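A.B. asks: Following the hints, position chain B against chain E.
So the sequences go chain by chain: E and B. Here our numbering is used: position 317 in the first sequence is 897, and no number is missing along the way. Here our numbering is used: position 237 in the second sequence is 245, and no number is missing along the way.
Derived from the structure by calculation, the hints contain no laboratory data. Hints may be right or wrong, so weigh each one.
Stated by the list, open to error - Pairwise CB distance ranges (calculated): (1) B:202 with E:1055: 24 to 32 Å; (2) B:30 with E:982: 32 to 40 Å; (3) B:150 with E:967: 50 to 58 Å; (4) B:25 with E:981: 31 to 39 Å.
Quick caveat: nothing in here was measured; it's all calculated off a predicted structure. All C-beta atoms in this analysis are idealised placements derived from N, C-alpha and C, irrespective of residue type, glycine included.
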Amino acid sequence: MSVVPFIVAGVVVGALYGLAATGLVLTYKTSGIFNFAHGAVGAATAFLFYDLRHLRGLPWPIAFVLSVFVAAPVLGLGLAAMAARLSQAPTVQRVVATVGVLLVVQGAVQLRYGIVPIPFDTPLPTRSFDIGGTIVGLDQLITIGLAAVALAALGVLFRRTRLGLEMRAVVDNGALLDLAGGVPARVRALSWMLGASFAGLSGLLLAPTVGLDAVLLTLLVVQAFGAAAVGRFDNLRLAFWGGVAIGVGQYLLRAPAVRGAVPLIDALPGLDQSLSFLVLFAVLLVAGRRFPTFGVTRPARGLRPWPFPVQVAAVLGALAAVLTLPFLAPSRAPVLIQGAVFVTIFASLYLLVEISGQVSLAHAAFVAVGATTFAHLTRGAGLPWGVGVLGAVLVAVPMGAVVAVPAIRVSGLYLALATLGFGVLVEQMVYSRPVMFGDLGQRFGSRPRFFGLDSDARYFWLCAALAALALALVVVIRRTRLGRLLNAVADEPVALATFGCSPQVTLVLVFCLAAAMAALGGALSVGVVGSVSASGVSPTALVSFNSLLWVAVLALAGRHPLRAPVVAALAMVVAPSFFSSPNMAQYLTIGFGLAALVASVGSGALGRRLELRHPADEARIRYSPVAARLRRPAVSSPEVTVHA
Amino acid sequence: MPEPAGRGAGLAVRGLTVRFGGAVAVDGLDLDVPRGRITGLIGPNGAGKTTTFNACTGLTRPSEGMVSLDGHDITVAPPQQRARLGLGRTFQRMKLFESSSVGTNVALGREALMAGGNPWRHLRQPRRDRRAIAAAAAEALALCGISPLADVPVADLSTGQRRLVELARVVAGGFSLLLLDEPSSGLDVSETDDFGRVLEQLVGERGVGILLVEHDMRLVMSVCAWLHVIDFGRPIFQGTAEETQGSATVQAAYLGAVA
Chain E
581 MSVVPFIVAG VVVGALYGLA ATGLVLTYKT SGIFNFAHGA VGAATAFLFY DLRHLRGLPW
641 PIAFVLSVFV AAPVLGLGLA AMAARLSQAP TVQRVVATVG VLLVVQGAVQ LRYGIVPIPF
701 DTPLPTRSFD IGGTIVGLDQ LITIGLAAVA LAALGVLFRR TRLGLEMRAV VDNGALLDLA
761 GGVPARVRAL SWMLGASFAG LSGLLLAPTV GLDAVLLTLL VVQAFGAAAV GRFDNLRLAF
821 WGGVAIGVGQ YLLRAPAVRG AVPLIDALPG LDQSLSFLVL FAVLLVAGRR FPTFGVTRPA
881 RGLRPWPFPV QVAAVLGALA AVLTLPFLAP SRAPVLIQGA VFVTIFASLY LLVEISGQVS
941 LAHAAFVAVG ATTFAHLTRG AGLPWGVGVL GAVLVAVPMG AVVAVPAIRV SGLYLALATL
1001 GFGVLVEQMV YSRPVMFGDL GQRFGSRPRF FGLDSDARYF WLCAALAALA LALVVVIRRT
1061 RLGRLLNAVA DEPVALATFG CSPQVTLVLV FCLAAAMAAL GGALSVGVVG SVSASGVSPT
1121 ALVSFNSLLW VAVLALAGRH PLRAPVVAAL AMVVAPSFFS SPNMAQYLTI GFGLAALVAS
1181 VGSGALGRRL ELRHPADEAR IRYSPVAARL RRPAVSSPEV TVHA
Chain B
9 MPEPAGRGAG LAVRGLTVRF GGAVAVDGLD LDVPRGRITG LIGPNGAGKT TTFNACTGLT
69 RPSEGMVSLD GHDITVAPPQ QRARLGLGRT FQRMKLFESS SVGTNVALGR EALMAGGNPW
129 RHLRQPRRDR RAIAAAAAEA LALCGISPLA DVPVADLSTG QRRLVELARV VAGGFSLLLL
189 DEPSSGLDVS ETDDFGRVLE QLVGERGVGI LLVEHDMRLV MSVCAWLHVI DFGRPIFQGT
249 AEETQGSATV QAAYLGAVA
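Chain E extracted, bound-state conformation (with noise of 0.2 Å):
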């Protein structure tokens, strides 16, 4: 069988991918924040257009013209007053911020048409035609037609219009055309409505491919994010092209004709799906440096610490509660175990995000790592409990060193952007295989059977236990001699060279350490119910789409060392269990969405209680404008000279 008809059918799908990706550059570049919920806005699109159409039964050119030139633009307004309010902010805010829109648009969309798929098909015309031997589908010309069309109609507005030249102006050096006198408001805002109509028209167009399905679709339209790296994050052409060469990648993996002339292909299952990732990873390690950067600042430090007594009082508190817990309410013991054991998890990515300032979205992968490594030592290879977690934590240190790498090449948004791709690449990829959850999905282990240790109250105290020693090591680490090459690093790495400390060193440790640590939380999340599965909707379930959630969480819970972790994980894992709805999960991600958006967003009270600045820097800063500006290194300029 020829492999022509795969290159078609990439082609159309590339097309698509191309499309959602030129909508995503051209948004990053005009606004400097990148869009982690552009494959959201593609999948409530395709929703919308389903709901009015099928279930509304508004003839289809309405229904297509309300959806993808109305309401996505809408959401695109939407977002890029969003995107002006994050200019100056710190890069886990501007990740957490799209990530809760992401949040909200699939919690919403789940809870209103439910979490099964949709079986939707092509509202195009399917008539197909011989061309030359090939058979093409109607609708796959007019997928093409319309990606070309929408590209055309980019190119026109760049080259006609006052507003395509400023347009320009914006995605070259959007401060010179400030500068100038133009609106770079007004011309961001348009971006982000054609961005949004790009991903809302390509996610329409994708969902026959899969069907409707909140998640899916918004994975497929995430496949721009490699195709973005192709262009470099920077040129809207190279953007597209790179879309289209993933797309015909894709189904030239799955042609028989290429896979039996390439064996490797079947040993790599998921390959295919992962060419995306893959990229995005790749691009990010080989030439991430030179891709452009924005302004960014790191919060300012200043933590208000609890008066002595009521520290104390905390502390007793909470051994109480550990202590009495269990007797207390028997029958939430598992929701408790794994309560502590997320306590362990989110200190480990405190580790990274605020001590070290690495926004790191492969958190997840560390977590199934960690638990499937012990499921095998122990149920698997008959080993001891405690030989199981202590090869779990062991196994995951290598695997932090390699997520290290692209910390040391690139920084910022692109870490973030490489780390999430290591993590679907490992969650499509690896997860399946024999080594982590295997064709099943599934892996079984036990807690320890010494001591009395696998009663409900006695692993509790024990994950407690562990959890408290897993704070601790955060707290010794942040007032020690690594925790101050950590803080270094995240502000100066270049600087910090100069002095001789080779920050590469500094990364791996803290990525060794935090996946670690994660491995261990991994590990004994095992023994909550005796398993661990691949997929999941809750909170807790170790899909890479989760690493986003838990960083959204942390940041929501504060900047403190030992109040952050424990207040995320009472939120996510434990203040649930007290609410019994069957759309649980969905109201959840929609709450830490919402929750995480009014966060990063709103300068106002909400946003300052949740950095628990001292009230005597928020004086400061408001009375002295140009200290204020100092604070922040980026719009500092070293001409300013203030004299105290």
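C.D. replies: Only chain B this time, still in chain E's reference frame:
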């Protein structure tokens, strides 16, 4: 007047050329920075001074030429290795550890060197190290006159104070050769005079060598034993302060050639 001898070989730059695409930022520069004296590197804006610094400290890879430190070829060595050999620098666009206090910034100047590239030394901090760090930081803070600021977050400082923190940090590092990139910009006249005295003290008491890039000619002329002048990346003159002030070539470069 012949070039005054310093002590020790120090930093030697031979035929340094740095190109960015088609643009030649530095073109065939020779430079000697011995210990025990202050060497000045001056030139109009865009002459290639910071690029020279970056090539010397490993932040920019030279297109041609060689950089050596006490006879070790360090042309392609990473920045941290050069630092371990005793080469320290400050930045024209200051790179302070913004989320830390003045004291921590200065202490990190020494602590980073101790941690080096050894993971174990990243984790461990022997008491001996801690004492050495505290002593070096206290001395550097006192030398630069910013001891009272030790607990202030650097983000709250004025530009002039930040310059002094950068200097104190590199002083605490204990480097034997310092490359200072416009260290006095943002300082007022009396602060600049104090600053000059700090530099002379460093050279006199510790015997370090300094390569100074500076636009404040009063400071340059008063502390530099030898001056290199570059323009458009090319060396155009070298000599003592008096010779440089009297040079027609240098005046032409700064003020434009007299038609």
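A.B. asks: Hints first: check each against the structure and report whether it holds.
C.D. replies: Hints versus structure:
1. In this structure the supplied range 24 to 32 Å is violated for residue 202 (chain B) paired with residue 1055 (chain E), their Cβ-Cβ distance being about 40 Å.
2. As the Cβ distance of residue 30 (chain B) to residue 982 (chain E) is approximately 38 Å, the hint placing it in 32 to 40 Å holds.
3. Range check, residue 150 (chain B) to residue 967 (chain E): about 55 Å between beta-carbon atoms, so the 50 to 58 Å window is met.
4. Against the hinted window of 31 to 39 Å, the Cβ-Cβ separation of residue 25 (chain B) and residue 981 (chain E) comes to about 37 Å, which satisfies the hint.
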